[in-house]
Amino acid sequence: GAGVSQSPSNKVTEKGKDVELRCDPISGHTALYWYRQSLGQGLEFLIYFQGNSAPDKSGLPSDRFSAERTGGSVSTLTIQRTQQEDSAVYLCASSLVGGRATGELFFGEGSRLTVL
Amino acid sequence: TQLLEQSPQFLSIQEGENLTVYCNSSSVFSSLQWYRQEPGEGPVLLVTVVTGGEVKKLKRLTFQFGDARKDSSLHITAAQPGDTGLYLCAGSGFQKLVFGTGTRLLVSP
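Protein chains in written order, with this note's numbering: chain A, 1 to 116; chain S, 1001 to 1109.
The set of hints was computed from the structure by calculation and includes no laboratory data.
Hints are all accurate, no fakes.
Cross-link-like lysine-lysine pairs, in silico, BS3-like; alpha carbons within 30 Å at most:
| # | chain 1 | residue 1 | chain 2 | residue 2 |
| --- | --- | --- | --- | --- |
| 1 | S | 1096 | S | 1056 |
| 2 | S | 1096 | A | 11 |
| 3 | A | 57 | S | 1070 |
| 4 | S | 1096 | A | 57 |
Chain S side only, calculated, beta carbon under 7 Å to chain A, not exhaustive:
| # | residue |
| --- | --- |
| 5 | 1042 |
| 6 | 1043 |
| 7 | 1096 |
Just a few of them, taken from the derived set where beta-carbon distance is under 8 Å, the chain A residues facing chain S:
| # | residue |
| --- | --- |
| 8 | 42 |
| 9 | 43 |
| 10 | 48 |
| 11 | 56 |
| 12 | 91 |
| 13 | 105 |
| 14 | 107 |
| 15 | 108 |
| 16 | 109 |
| 17 | 110 |
Idealized CB from N, CA, C, for every residue including glycine.
Taking the hints into account, I'd like the entire structure generated from these sequences.
In structure tokens:
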């Protein structure tokens, strides 16, 4: 299909290990978001990419978290030295238009991270 | 900080009942979106409201944008078990979309 694709869908890791989560947005979408969702809770904003502009990293909880978006398409969220409190579902979304006129966000199914 | 507060946080009702979910902010938004998320899936857009005072209907769901574009409500008539899920409002008008705190709805048969 042509939706937002995230991988892996599930990741179990040991405390202290690094993990990479991948997001493949819908082709042509200029805006890409990463959110974190703890069990049954709302969406916690992490980072936002808009075209070639510098990303809005204001939601990253610590310097262990980083993200990049290569060629305006695929994005990778990296968590270094994972902690148990990092356990959550990480959702990626893309939108055709971002910024002040953000349109509909299309979400992937998320990557569920469990840190033992 | 642009915050969107939703109430109630959790609602458990019987099939056939009516309910209203509120989304409030002190900030003005150019538009407001409502999403529904089912377990194991990402949120899916239900509706976007753009004009202050606007009312949109989607079958048994009625969405209203406040006159001042600071708040919105979602009313469900004769709720059904299929309405169960997490309802999220999201405001646009700043550099990024701002999501509300979420309302978890459980409709029992």
